[in-house]
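J.: Required output: the full structure, derived from the provided sequences and hints.
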Amino acid sequence: MKRTGFRCYFSILLTILLLSATAVLAGKVEDNLFQEANEAYSRGEYDQAISKYQKITETAGYSTSVLYNLANSFAQNGQTGRAILNYERALRLSPSDSDISGNLQLVKKENGLFPKESSRVERFFQLLSLNQWTSLIVLALVLVTTYLLATMKYQFSRQLNIGVGTSCFLLLCLATAGTLVRYQYFSPSVVISPEAKLFISPFESSGSIGALQEGRLVYPQKSHGDFSYVIDETDRKGWIPSALIEPVCKPARSGS
Amino acid sequence: MRQQLIFFKTIICLAVLFLGTFGPCTLRAYAEVTVEATLSHLSFPQDKAARLTITVTGRSRNTAIDLPQIDGIRFHNRGKSSQISVVNRAMSSSISHNYLVQAEKPGAYTIPSIGVTVGGETYSTQPITFEVSPSGQQVRGYSGKTDQQEGEIAFIRTSKTGNHYPGEIVPFTIKAYFTQAYRADINSLPNLRGDGVVMSQLHDKPTQTEELVNNRKYHVLTWDTSLSGIKAGEHPISFSLDATLLIPQKRRSLSPFGGNTLFEDSFLNDSFFGSHQRKPIVSVSPEVIFNVLPLPTADQPDNFTGAIGDFDLKVGVTPVDVEIGEPMTLTMEISGTGNFDRVEAPVFPDSANWKTYSPTSDFSEQGRRYAGTKVFEQAVVVRSGAVTEMPSLSFSYFNPQEKRYITKTSEAVAIHLKDSVPQTIAQPVKPVVRPAQEPAPETATAPTIEGLAPIHLDTGSYHAGILPLFKNIWLISICLLCVLLLLTLFVLKIRQRNIENHPEIQLQRQKKLLLESDLKKVAQAQTEGDVPSFLSFARTAIQNQLGLLWNIEPAALSLSDIRSRLDTDVQLIEIFSVAEEAAYGGATLTNQKMQDYTITLKTELEELL
Chain A
251 MKRTGFRCYF SILLTILLLS ATAVLAGKVE DNLFQEANEA YSRGEYDQAI SKYQKITETA
311 GYSTSVLYNL ANSFAQNGQT GRAILNYERA LRLSPSDSDI SGNLQLVKKE NGLFPKESSR
371 VERFFQLLSL NQWTSLIVLA LVLVTTYLLA TMKYQFSRQL NIGVGTSCFL LLCLATAGTL
431 VRYQYFSPSV VISPEAKLFI SPFESSGSIG ALQEGRLVYP QKSHGDFSYV IDETDRKGWI
491 PSALIEPVCK PARSGS
Chain B
105 MRQQLIFFKT IICLAVLFLG TFGPCTLRAY AEVTVEATLS HLSFPQDKAA RLTITVTGRS
165 RNTAIDLPQI DGIRFHNRGK SSQISVVNRA MSSSISHNYL VQAEKPGAYT IPSIGVTVGG
225 ETYSTQPITF EVSPSGQQVR GYSGKTDQQE GEIAFIRTSK TGNHYPGEIV PFTIKAYFTQ
285 AYRADINSLP NLRGDGVVMS QLHDKPTQTE ELVNNRKYHV LTWDTSLSGI KAGEHPISFS
345 LDATLLIPQK RRSLSPFGGN TLFEDSFLND SFFGSHQRKP IVSVSPEVIF NVLPLPTADQ
405 PDNFTGAIGD FDLKVGVTPV DVEIGEPMTL TMEISGTGNF DRVEAPVFPD SANWKTYSPT
465 SDFSEQGRRY AGTKVFEQAV VVRSGAVTEM PSLSFSYFNP QEKRYITKTS EAVAIHLKDS
525 VPQTIAQPVK PVVRPAQEPA PETATAPTIE GLAPIHLDTG SYHAGILPLF KNIWLISICL
585 LCVLLLLTLF VLKIRQRNIE NHPEIQLQRQ KKLLLESDLK KVAQAQTEGD VPSFLSFART
645 AIQNQLGLLW NIEPAALSLS DIRSRLDTDV QLIEIFSVAE EAAYGGATLT NQKMQDYTIT
705 LKTELEELL
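Residue numbers (our numbering), protein chains in the order written: chain A, 251 to 506; chain B, 105 to 713.
Note that these hints are calculated values from the structure, not bench results.
Keep in mind that this is a model prediction, so the values were computed, not measured.
Treat the hints with caution; some may be incorrect.
As the list claims (entries may be wrong) - To give an idea of the interface, some chain A residues facing chain B are shown, with a C-beta separation under 8 Å as derived from the structure: (1) 352; (2) 399; (3) 459; (4) 463.
Ideal Cβ positions, reconstructed from N, Cα and C, are used throughout, including at glycine.
T.: Next up, the structure:
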């Protein structure tokens, strides 16, 4: 009986050890691949660097650094759309990374992708990222809960109760509004083809509304067959072949 | 007498109303007489018959019809029907004389003018030409084959075409006619038959009208579209349309009894009763030649991109007061009519003083797809302090009316450069990871961007997907926990406030809890048969409850206090008395007595709550 239990424990321990070793080895493989991709980038072999970075993304998932390096490689390779796509993805993971935002602005400027003038309200909500606004919601909730807990034990003045309650409520409302506004712009798609056009109808033979620059952000609204109905940054609406755009937020692991 | 007066007035009112309603209309209806002859089918096989209807409108009595004698044609009288209708106080009356027309042999026939005598005057109908096909053949109008003779059941007419150029947008109209005698379902949009010409997409909902062709009423479906020649040459084209006719199943028979039978009544032949047959038909338009001429090569401008039509060019730039390196938006607006698909942005002259970016375009149509405005926006940056004006831009197109190339050129726009350190655009720093001394190796096809921040050397953490923070399960859990905690706290807070506002509730609860505790001790002592403890606990229970009730310290309550405040018949006094005696002198109680005392204590003390 004791012998059987020992065997069972031993098997579990062995499995855990094997899994850990596999994970460590896999991480090692990705680190090596990342190093090789960086070296290829330094040599100016951008195609090779892109291939290696994409392989890491496909196997290990999304990492800010890998996406950023991949975007740099695409930018140096002249693939503006995919460069912007990966900068945008990297920014979603690290919104405060100045390298990413700086390079994104530079690539956009170099390719004449000047942003639309934002309104005051939009500029205000752009002060914080989506995740920061979301964090504020949590902060407001935690604050108000803690304060209410404290009032169960301690007696506070009425003015303080009103002040704290109002402040937390306002913070909650503002943070919710910020989250909602920022979320509208959180998951756009990027035009990845240099010859993208907006069509009146979801058919190749339909009339063209106009051209879309590679790297432009568009917001898909619905799809029909191989076409997506999108609104671009300048509020133009129309149908575009779905193959010419790539979503920034992609839950599944796949490189682009 | 009074009743007679009312009756008389009513009669007069009704008479006036009747005359006002029908009098003038009736006169007007009888004043105009029209005679019309119609044939149900202008083409039918020899073994079938067509219905000839002679309708006399205006007077419905005393009409005499003089049917002509035609070789090979027999007329069978099928009686007459009359109709009176009043629409908006206008009354019309008509009488229809029905005949079946049967041919003895196939061929083309004409029913000449038929003389109709109405009220002593003779009127004539229009001649009717019809065709009789050999027996066993289907009626041409609703056969599965194509049929384009006007006057038939369905046909297509198209607008005329002339000489055009490759890529030119030619407005074109397709009209499909369906006789009102039958219901028809359209199975497809008109298809273009022919090579070398393309048609723009047709609308699903064409314009629907009614037209009179050869004295027959037709439903007309109209599509306004455009054609465009792909290559030079003469291209024969036609249009086809698939439809299904719903043909009423007439129970017609050449009855020897003559006259209208019940089943020949058009009312019963109505499709409402589901008595119809579905016949697929293909209607094809007559072939037309779409002639596409080659564009003249002589004098063709270099910047001609294939735009054909009539266009206008407007150019603007904002802002005009800029610093070197500051982007400006160049707006080029091309408006007019023509093939906007071939309209491209005017090319900005190549110059070292300017940096240009690829333009974007936006087309807005004005009612029709070949008329509108195409706006190009292009970002341009001044690179040199020598720039004083935006160069003029030109756009060339071919005008098919004037049959020549036209070039529209914009005027140069003055640019004012603000005072700034004269410099070219700042040269950015090269990536750090690249060897500092050696220039980066450049491939022939890869235009590198200088000034990018260097790549990251540490991989960092990996994420399964790119999701916003609020979709994180931990964050959602924290939020839910906070909300639940908040709700609980709110409830507790409300309860606490309620107790603060109503202290008696708390006192009541306290009394109840104390009583439960005391009675529990009493019951336990009774179970154990411990008489001294039982009596001691019973005494304490009475003191606790009465003390709280009378707001007196429970331990200070004595037997005399209780006797003075409670009625003498209350059994609690007896129990308290026994308990007091036992406390000082000892006492014995039977189990039964203890049980009785327990019940009494419980009952009477609970009543005090």
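J.: Are the hints correct? Go through all of them and say.
T.: Here's how the hints hold up against the structure:
1. Using the Cβ-Cβ criterion of 8 Å, the hint placing residue 352(A) at the interface with chain B is satisfied: the shortest such distance is roughly 6 Å.
2. A cut of 8 Å between beta carbons decides the hint on residue 399(A): the least distance to chain B is about 6 Å, and the hint holds.
3. Taken as an interface hint, residue 459(A) checks out: its beta carbon lies about 5 Å from the nearest beta carbon of chain B, inside 8 Å.
4. For residue 463(A), the suggested interface contact is upheld, since its CB lies about 6 Å from the closest CB of chain B, less than 8 Å.
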